[in-house]
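Enquirer: Just so you know, the sequence shown maps onto residues 3 to 105 in my numbering.
Do not take every clue at face value.
Within a straight-line C-alpha distance of at most 16 Å, the following computed EDC-like cross-link-like pairs (lysine to aspartate or glutamate) qualify [to be verified]:
(1) Lys75 x Glu85
(2) Lys9 x Asp42
(3) Lys9 x Asp25
(4) Lys9 x Asp24
(5) Lys102 x Asp33
(6) Lys102 x Glu45
Calculated from the structure, these hints are not laboratory results.
All figures in this text were calculated on a predicted structure; none of them were measured in a lab.
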Amino acid sequence: MIILEYKLDAGEGGMRCPPWVDDGGYWANTDHTLVGVTRDNPEFHIPSTVIRLTPAELETRQVAIHTANPMMKQTDPSEERVEMTEAEVRTAIQDWVTAKGSN
3 MIILEYKLDA
13 GEGGMRCPPW
23 VDDGGYWANT
33 DHTLVGVTRD
43 NPEFHIPSTV
53 IRLTPAELET
63 RQVAIHTANP
73 MMKQTDPSEE
83 RVEMTEAEVR
93 TAIQDWVTAK
103 GSN
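Sequences and hints are given; from them, build the entire structure.
Expert: What follows is the structure, given as structure tokens:
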């Protein structure tokens with residue numbers, strides 16, 4: 003899989019995920035970018051303005067976002083959400099990358 007940082011497309015029905023993103027909508031940033039994945043060696047054009055991220059670059063992106071706007075977790079539905087640690091953010095990203103099958 004290829005990890006992509008992209009923006010939504012505007013269309014008649016509103017904002018939507020670009021057709022070349024197979025699974026997207028993860029980890030919005032204040033610059034309106036999102037993260038998603040597409041298959042290796044796609045038969046379609048991905049715009050050159052779309053950033054392709056390595057797993058390490060994705061992790062760096064998410065830690066930077068977490069520093070500015072902390073990711074939260076809730077371990078028990080009856081408890082309040084609490085800020086994740088940097089180590090938890092890194093683990094969450096690494097787990098996501100593994101689940102998506104990216105290198």
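Enquirer: Which earlier hints can't be squared with this structure?
Expert: 2, 5, 6
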